[in-house]
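Take a look at the letters that make up each chain.
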Amino acid sequence: MIHIKRLQEDGADVLALVGEIDASSSIDLDLAIARSVGEGFTKILIDCSALEYISSAGLGVFMSYIEECKEKNISMVLFGMNKNVANTFEILGLNELLQITATKAEAKQKL
Amino acid sequence: MKYSFSIGCKLENLKDLRAFIRESLGKHGVTEVQVSEIVLALDEMCSNLMIHAHHCNPKDFLEINIVIAPGTPLIFEIIDDGTLFDINQFSEPELNNLIHDKRKGGLGIRLVKSIMDKIEYTHQSGRNICRLQKTVTLTS
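Just so you know, the sequences run in chain order A and B. 1 is the number of the first residue of the first sequence in this note's numbering; add one for each residue after it. 1001 is the number of the first residue of the second sequence in this note's numbering; add one for each residue after it.
Chain B on its own, in the form it takes in the complex (with noise of 0.2 Å):
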């Protein structure tokens, strides 16, 4: 089974992507806190994406994959024709640095890494595609 979705580059849209994974995923049973994790990994990696390779521009899309099959982990796709923000390439600040620094940001790229269990990228046709991945159990 294959969701999709496009989203225009605007962070008040980020609800929208929000309510669009919690209803893919809530057809198959994926429980609570598995959603509620997944959800806030992507949320973060469309926020990053929106802000860091589209300036907020409302008329930049971002289209998002959801593939779920039996017996495969969850795989989530996010797509797009920015500047590419590969998030392996950022090395994941110290939390004591942060505090001292009192810095808002940096924590986004340590909770996508805890929440997935992978993420690669790839560029095809002049897109940058995002593959994440997660280990879930289905229980319909």
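Chain A with its partners taken away, still in its complex shape (with noise of 0.2 Å):
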């Protein structure tokens, strides 16, 4: 189960998930990215701070956004993930193909 928060600040679209994502919600996740892209955002900001689990159907719904990412020039950048979630990422090496940070700080620099 996932909850979605959106807020717009300083040009830049942030989605906070809360919870988990898996076979069964990943479908929320990529229902709201995409519409962050279809309103044109080119700066997305993804919290990951309450995000307790994601599953490899969250991890592609990522990965099937870099390509539309580089071709419509926006930049989207993860961050606060827990140990857990962003070990995840890394045992595919996920970390390397998306823009992760640490703080919601970082993240506003990479935009």
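Since the hints were made in silico from the structure, they are not lab data. Check each hint, because a few of them may be wrong.
[Claimed, not checked] In the DSSO-like style, the derived pairs of lysine-lysine whose C-alpha atoms are separated by at most 27 Å in a straight line are:
hint	chain 1	residue 1	chain 2	residue 2
1	B	K1134	A	K83
2	B	K1104	A	K110
3	A	K72	A	K110
Got two chains here, each in a separate frame; can you build the complex from them with the hints?
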């Protein structure tokens, strides 16, 4: 079960993920990012500080936007992951392919 | 020690599976990172089966066993009676291809193979048994 809170800050769309993303809830993440991209945001911050778990279904959603972000010049930065969630991204090397920072301030600098 | 759990093939049930694994392994002092990796791998295996072999029919059940014994690898069994879904027969797609094709799937099998030491399938009395092994250090 995932809740996604959305707010805009300094021209960036901030999506805060609260809960767990698995095969049953990854569609919600997909729809939230699609909406942000569809509305024309070029700066997207993903707040993972309340994200307790992510399965490959969730990783796949982030991965599927890498190409679109490049094409549309969108910068998407994830921040605030707990140790286990960060490790999940690292197992497959997705931390090399996505922009991930520890804090929100660092994430904003990358936008 | 053997822990067993039965789960209906509904994706919303995966969270209960994760709780069962965390609780069972937690009693044996498996490190937090290892628990989280094992949870990830079994979540993946079961969601694959639910989707591909059981079409998310909640009346179909998967049986999950965890066998923990000192000095031997952890053993996880996933037993079902659906179509055999053998992940050893799927090649792992290259990450770059997945990104290029904007595909959302394909990562799971790669994850399971990275996390588990061994994955084997047997067939017994009309049921598929998938047995996964993982060597961990038990602290209690």
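Hint check:
1. B:K1134 x A:K83: This hinted pair holds, its Cα atoms lying about 21 Å apart.
2. B:K1104 x A:K110: 25 Å, holds
3. A:K72 x A:K110: 16 Å, holds
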